[in-house]
Amino acid sequence: MKRYKEIFDLVYKEIGKTIIGQTEMIEHTMIGLLCNANVLLEGYPGLAKTLTVSTISNILDMKFSRIQMTADLMPSDITGTYIIEETGGARHFKFQQGPVFSNIVLADEINRATPKTQSALLEAMQEKQVTVGNNTFKLDKPFFVLATQNPIEQEGTYPLPEAQADRFLLKVKAEYPSPTDELKIAHIYSSGLSTGKPKVLLNKDKLIRLQELVKQVPIANDLKAKVIKIVTKTRKMPDIIEYGASPRASIGLIIAAKARALMKGKNNVSSEDIENLAYPVMRHRLILNFEAERKGMSTDDAIAEVIKRIK
Amino acid sequence: MKNFRQILEEVNYTISVMMLFDTILTALIIFLACYMVLSLFNLNGYYGLVPAIGMFIWEIIKRLRKNKLKMVENSYETLQEKLITAKDYLYAKNPFIDDLQEEIKESIKNVHTDSFFNEKKTYTKTGIIVGLCILMLLIAPYHIILFDFNKAVTDIQKRSDNTTDAPVRVQNNNDPRLVSVEDDWYGEFSIGSLGDDEMQIQLIETNYKLTSEIVEDPEKKKFQDIYPGEVSASRASAYNANVARDDQEIVKNYFKEISK
Numbered sequence: 000m001k002r003y004k005e006i007f008d009l010v011y012k013e014i015g016k017t018i019i020g021q022t023e024m025i026e027h028t029m030i031g032l033l034c035n036a037n038v039l040l041e042g043y044p045g046l047a048k049t050l051t052v053s054t055i056s057n058i059l060d061m062k063f064s065r066i067q068m069t070a071d072l073m074p075s076d077i078t079g080t081y082i083i084e085e086t087g088g089a090r091h092f093k094f095q096q097g098p099v100f101s102n103i104v105l106a107d108e109i110n111r112a113t114p115k116t117q118s119a120l121l122e123a124m125q126e127k128q129v130t131v132g133n134n135t136f137k138l139d140k141p142f143f144v145l146a147t148q149n150p151i152e153q154e155g156t157y158p159l160p161e162a163q164a165d166r167f168l169l170k171v172k173a174e175y176p177s178p179t180d181e182l183k184i185a186h187i188y189s190s191g192l193s194t195g196k197p198k199v200l201l202n203k204d205k206l207i208r209l210q211e212l213v214k215q216v217p218i219a220n221d222l223k224a225k226v227i228k229i230v231t232k233t234r235k236m237p238d239i240i241e242y243g244a245s246p247r248a249s250i251g252l253i254i255a256a257k258a259r260a261l262m263k264g265k266n267n268v269s270s271e272d273i274e275n276l277a278y279p280v281m282r283h284r285l286i287l288n289f290e291a292e293r294k295g296m297s298t299d300d301a302i303a304e305v306i307k308r309i310k
Numbered sequence: 000m001k002n003f004r005q006i007l008e009e010v011n012y013t014i015s016v017m018m019l020f021d022t023i024l025t026a027l028i029i030f031l032a033c034y035m036v037l038s039l040f041n042l043n044g045y046y047g048l049v050p051a052i053g054m055f056i057w058e059i060i061k062r063l064r065k066n067k068l069k070m071v072e073n074s075y076e077t078l079q080e081k082l083i084t085a086k087d088y089l090y091a092k093n094p095f096i097d098d099l100q101e102e103i104k105e106s107i108k109n110v111h112t113d114s115f116f117n118e119k120k121t122y123t124k125t126g127i128i129v130g131l132c133i134l135m136l137l138i139a140p141y142h143i144i145l146f147d148f149n150k151a152v153t154d155i156q157k158r159s160d161n162t163t164d165a166p167v168r169v170q171n172n173n174d175p176r177l178v179s180v181e182d183d184w185y186g187e188f189s190i191g192s193l194g195d196d197e198m199q200i201q202l203i204e205t206n207y208k209l210t211s212e213i214v215e216d217p218e219k220k221k222f223q224d225i226y227p228g229e230v231s232a233s234r235a236s237a238y239n240a241n242v243a244r245d246d247q248e249i250v251k252n253y254f255k256e257i258s259k
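Heads up: the protein sequence lines correspond to chains A and B, in order.
FYI, in numbering that gives the first Met the number 0 the residues of the first sequence are 0 to 310.
FYI, in numbering that gives the first Met the number 0 the residues of the second sequence are 0 to 259.
One chain only, chain A, in its complex shape (with noise of 0.2 angstroms):
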């Protein structure tokens, strides 16, 4: 299984071409993508969100459409609608398609957007397929969408609601980049040196068939059972957490979890995938009690207080 490490060491080398650092954002960023699942990345302006999402799509060969949302966007902007078409002198509806019609759709600062545009992509991220009047289209395979949210500058956004977060596989936080890194950034970008343009890796065909594989990645029956300990446990902690994560992550736990081994390049899931992915996997699905707030917790503070416990 060597020989998908290094697929994805190459990856990592061709988005680093753009992006430096970030190393935990691109990895479970891509994870996310192994999994046929949607990413939501937060964090403050100007640490390479949406430039990682778009760098990534550069190394996919696939379609690839970026949403700006704002808060006058509205959902068929985003699914698209019927016009009006003229052949011949007849006139007829005519569907156009949204930018929702691709396989990688970056929902830049999605909680800039109100509710009805949000819950648009509802549909198109759980069932992966759109309804417009009174037809269905299905989206092309794959799709997913890659989130942004920007965790300040509150003042005109609409949250996302639990319901809509918890399609979202992923909650990948960007941090700040480390003094080293940052020198590198400051360096490359202010002297307009060339940083490469990234080369196309990955096509559909390879990326569905790297999404086979990732179910094939065995994993113990002891440790699904840490699965459901941690996830349960979110449910069971009543002195700091008000509402524990669903079932939807137990599922989405494990399965990043063998996404993460086989890009590491390892025949099996281990504790160290599990506790890893747990963060991302859990923090948009776990609400705080007040308690916890007022002592200054953080949803992360709490997932590492769960596998604390479970220990």
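Since the hints were derived computationally from the structure, they do not count as laboratory data.
Idealized CB from N, CA, C, for every residue including glycine.
Everything hinted at is true.
From the derived model, a few chain B residues whose C-beta atoms are all more than 12 angstroms from chain A: (1) Ser38; (2) Leu136; (3) Ile213; (4) Arg244; (5) Ile249; (6) Lys251; (7) Lys259.
Partial list, derived from the structure: chain A residues whose beta carbon lies under 8 angstroms from chain B: (8) Pro217; (9) Asp221; (10) Ser270.
Since chain A is already given, all that's left is putting chain B on it; use the hints.
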């Protein structure tokens, strides 16, 4: 080349045997310790088998439930979570599992049985067993009994028996001629009961050595030494007594009558 299932079975068997050995040592320590303690209280030392067997069964059940593959994984970083995964997918077929099995086959070559053998623990247990045996041998000739539990139980039993069969006390206040008897008819009860006490007699062995080499022939005594040199007969003095004929007749008749 062994198949993968056989490898897992072999790992399981080896660890189980080591666990069994360790459990036997622990059970033996418990038996010897209990035997010694019970002997000090004059109780049958073989009662010590009960806790030892109990502990043995409990420990074996507990250890049988342990996942031996996990024990191997804990000792070998390279096998971490691989053995249990391979066991769960023993009959599945896919490229990952084939690779995993091959990887384990390679890694298991570096697994040494002695890494599961806690040398220090085993030596300590063996030392304790030897120490207890020596201690028992040393104190055996002195017959040290800290507290005779058997005797104490017998005493308590006797006392309770005596209390229930308390002697009848007679008290007669109506007849002034009779002296009223307040006490036991047979005197002081405690003194009376002394006669029934069982005597504890213990025959202490003494060393007795019989060596056939130093046994000599019995002393020979010549017949002449014990036989009188001269043998002669003499008349009894009563023969010459001058007893009247009538008296002789009376005596004769007397004996005749008796003999009838």
